[in-house]
Amino acid sequence: MAVDTALLAEAALRGPAPRRAWWRSPSLLAGGMVLLVLVAVGVLAPLLLSGPAGTLTGDANLSPGGSHWLGTDPFGRDVLARALVATRLTLVMATAATALSFVAGVALGAGALLAPPRIRQVVLRVVDAAVAFPSLVLALVIAAVLGAGAGSAVVAIGLAGVPGFARLTYNLAQGVATRDFVTTAHLLGVPGPRVLTRHVLPNVSGPLLVLLTSSFALSLLEISGLSFVGLGVQSPQYDWGRLLNEALPSIYTSPWLVLAPSLMLVLAGVGAMLAGDGVARIVDPRQAHGTPAGRSGRTTRRKAEPEAAPADDAVLVVDGLVVEAAGRRLVDDVSFRVRPGEVVGLVGESGSGKSTIAMAVARLLADGLVAEARTLRLRDLDLLGRPPARRLATELGIVFQDPSATFNPALRLGSQLTEVLRVHLGRSRAAARDAVVAALTEIKVTEPARRLRQHPHELSGGMLQRASIAAALTTGPALLIADEPTTALDVTVQAEVLRQLRRLQREHGTAVLFISHDIGVVGALCDTVLVLRDGRVVDRTTGAALRAGEANHPWTAALLAARPGARRNEETA
Amino acid sequence: MTTATAGATPAPATPGTGHTRAAGGSVLDLPWVRFAVRRAGGLVLALALLVTVTFLIVPLIPGDPARAVAGSSATPQAVATIRADLGLDRPLPQRFVEYVGGLARGDLGTSFRYRVPVSEVVATRLPYTVQLAVPAIALVLLLAIPLGMAVGVLTRGGRRRPLDVAFGTVVGTVAAVPPYVLGTLLVVTFAIGLKLLPPGGAQTPASLVLPILALALGPACAVARVVRAETSSVLEQEFLRTARGRRLPPGWLYLRHALPNLLTSVLTLTGLVLTSLLGGTVVIENVFSYPGLGTEIVQAIVSKDYPVIQGIILCVGALALLVNLLVDVVLGIVDPRSLTGGHHGG
Amino acid sequence: MNPATPDTASTREVVEVPTPSLVHVESLVVVLGHGRSARTVLDHVDLAVGRGGAHGLVGESGSGKSTLAKTLVGVHRPAAGQIRLGGIPLPRRGLRGRRPAGLPRVQLVPQDPWSSLDPRRTVAETIAEAVDPVRARVAPARERIRTLLEQVRLDADAADRYPHQFSGGQRQRIAIARALAADPDLLIADEITSALDLTTQAEILDLLADLRTRLGLTMLFISHDLAVVREVSDEVTVLLHGRVVEQGPTEDVFARPGAEYTRRLLAADPGAPGFSLDESG
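Residue numbers (the working numbering), protein chains in the order written: chain A, 1 to 573; chain B, 1 to 346; chain C, 1 to 281.
Because the hints were derived from the structure by calculation, they are not lab data.
Be a bit skeptical, because a hint or two may be false.
Stated by the list, open to error - Residues from chain C that face chain A, not an exhaustive set, calculated with beta carbons under 7 Å:
| hint | residue |
| --- | --- |
| 1 | Gly35 |
| 2 | Ser37 |
| 3 | Glu60 |
| 4 | Ser61 |
| 5 | Val73 |
| 6 | Ser116 |
| 7 | Pro133 |
| 8 | Phe166 |
| 9 | Leu198 |
| 10 | Thr199 |
| 11 | Ala227 |
| 12 | Arg230 |
| 13 | Arg264 |
| 14 | Ala268 |
For each residue, glycine too, the CB sits at the ideal point set by N, CA and C.
Chain A extracted, bound-state conformation:
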């Protein structure tokens, strides 16, 4: 359980999300109910059942049944009653240990954050070293020092939990402390401690709460474990672990004795797990498994209208494309064609549907999106059906927007760039490598052979994008889809990459579907331009017209005018 919370902490650092209402979480309700029942038992059982639980009678070792639902122990005491009465001690010890871990751990973690750098480094390294050991080791040490007993078990498990809390608190607080709204608060003159209470703590409270829940469960089970081996609670006191310990010697003759404490331990563990999961889901709903039930991105044919005879040589034909997600139309009846060697641009603002169109053509829509069209054809490949993987991979090349996220960070570039050649075209590793090296040289990437052996994070964005383009062109595709390929690049790098793209496109005669929000880039690069707004094509024009600043449609004119300096350019033109 501690394992899941580390995941959660990392997720929380990625950014805040609106919280779900707590009463909407079934696991929280279920878990909470279980825990409440246990607390009730803990309060009431010693008051009501201490008789049957403690009185020695002569009914020794009775098997379950009759007035003793789970039997009696060697001293004639009712097993179920004892297990219920033991709840209080178990819960009290677990709470005490968790409180100790939490208070000391959070204080240590927060202290490390506020301390001067030297001390902080020392504290963190000691904490990390401590985290490496199983908590049981520390528990045994403390049990050795203080001797066996309930108190030492609580201290032992409590202290053992401190490094975990300290590390998490530090990581969380640091993640939040460097966020912009915290630095702004400092800049506004908000006093340091107020920043902590007003901004930092509320934003770390969620993951801490999850860790608290799981820490409680863990403490409970570990203290019982210590009692079980004889190092925790000593007679005549008893908790669930001690009961289990007492039941073990008679396991052959009276196996039912282990049932009651086992059941209670399982119940407590499951209850805490449910509660912890519930809290986790509330704090970060994105952690909840699965998006709203949606079908995977599939393209289906719409009405089977007889399509026009494919007599033309169009590389791409899109007719009546509609893409929907959760009832909303992202792309609304879009139609266009791309001729061989033509560069077609799709330009629009965010939400205009331009990237969605590109992904629908590439059959890479995200789960939950559904696409329909009258025709969707790449030369003679019907993209609405099931085109053979080999043809699709080699005749359609794709370049994505963010070079740092496009490539698999765990694999070397070489294996990724040569993948299509090796898997679909059956080239040998050496032949594929040579082909890619040649392509990289063509697009002016320096030291291409060395780049292949490197990992993506070792190269700059511009180099990665050029590698993407080069690899896409090695199979000689009929169409290259470029989805905002230069948006994430610096301006000078962008210009260079675009120049290379144009040169290669002309040399190879590849058709290009170019998506961008920058109308200046689109005008410079493309032959034909489609202007998109809210999922519809609102204007069709040419690159030449855009370069000259001409626009028939008001939205196109608005986009042109929105470019900074557009007015000035008009004046000087």
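Once you've looked at the hints, dock chains B and C against the given chain A.
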């Protein structure tokens, strides 16, 4: 007039010089070397911590440890002998130096109860503990990773909700059961009820089955949950979409592209699970009356045999550090970025 | 740097002129990271912004422009060089805690509209904190909040909503309103439009120009986008790898760029007339 700096534009720190040895760079730039240096530092610190903590057991005991060990009916001479044995008549720093010196020589002291070197006690019992821990660790990894990954792939993007819920429930419940409860229930069911397997001891290979299962099932389920969550997360990454764009066969896609990234985050968290599994071994041995380090240390604590206590804690602690190191090494092989990253580890 | 020529209108104060400029940076060196991974992010940077002026800082990624902004507000500590605001040297601890009397007020609007606002606080609470940093009470600040929201062209009912209910452009407006609430003398806008659509960006730039005229703000405007900088600033500094490669009045720099890098920047702007993708020579 504007000012412009004449001459060449300043050279940047090139981002892509990579991990091969840069011209003029030292051997210290090689990733595995930096990893070794960093981990060595961490190991030294952790060992120092371990040694210090085990040393401090005796000085921290409230009251008079010598009398506690000797018992209430011992003669003053017996107490004095024990006091000398424990070194309580010498100043603390001197004792610490002697302690560390002894460890360096491999001398862990002498057991009060058995009157034999502690190293012998540990050496006799260590193989039994390892016999439980190693197969348990292997079982955790072999069960959890394929299972979690399979479920993650099958339920990606909201598919097969029922499978997702069922998996989560079953696995979550088993993970919530502590090993000693699981072990006890297994004994009752298989050893006593069905009489299929021996309930304890270490005589036959069959007697290892139940302890290993009890030890491994809970952590395996915990890791499986993590693997499933990480699989879902990795499958949503952009580079998976790129790989899909290459229209690779599904097996290739998941094993070659998803798995390495999966392992990176899973291994980090699995390290925690595995070290806690070592702790679980100590408790489980007591369920099954298994002659390993776990049963020994409990008796040692009860009978206040401090040299044995120190020796076993040192041993278990060292094992935990070894497990951590191995996990980091595997992580370094799978994901070379972690070699130089700020990955925190003892 | 050269003094302003007589026929250029407004106040472009520089080093030698007696009236202190609002921002005066001299030979600033900032080093980030430590030990083996230490790197010099700013390398002897000089900069001056006169009162009421709008200074643009342009550079690509890694140029150090954001670091400069953060150093001006005290997030990073200079390794060498000096920063003076209104003639008063910036304290060692930056702008946190006690400030010297008479030090001009500086506010920074950061780039990321998603992390610049506390997700757990309403807009009103966020702006109230700027009005009264210590107690941040909303009720006494209601009127002020309403005025500010109006100034940034947002509806008054935005005050009681949470950040995640707004678009990126709207969040930037809220961040600007918060900055204005602190009554700053200097407003630093750090790439505030980089994450926005073109039309939204145009609106924000319009808003800034309007605020500048109405409130007489001094502005330091940071961007990687040349065209944007050209539109909003009187003077511009071009940064490359932590060094100033060109500096001066905007129109001069753009019409007659002196440095090779500036020329490359200008040639790479797709919106400029004469931009061509055909490889030269």
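Looking back at the numbered hints, which does the structure fail to meet, lowest number first? Hints 1, 2, 8 are the ones this structure does not satisfy, whereas the remaining hints hold.
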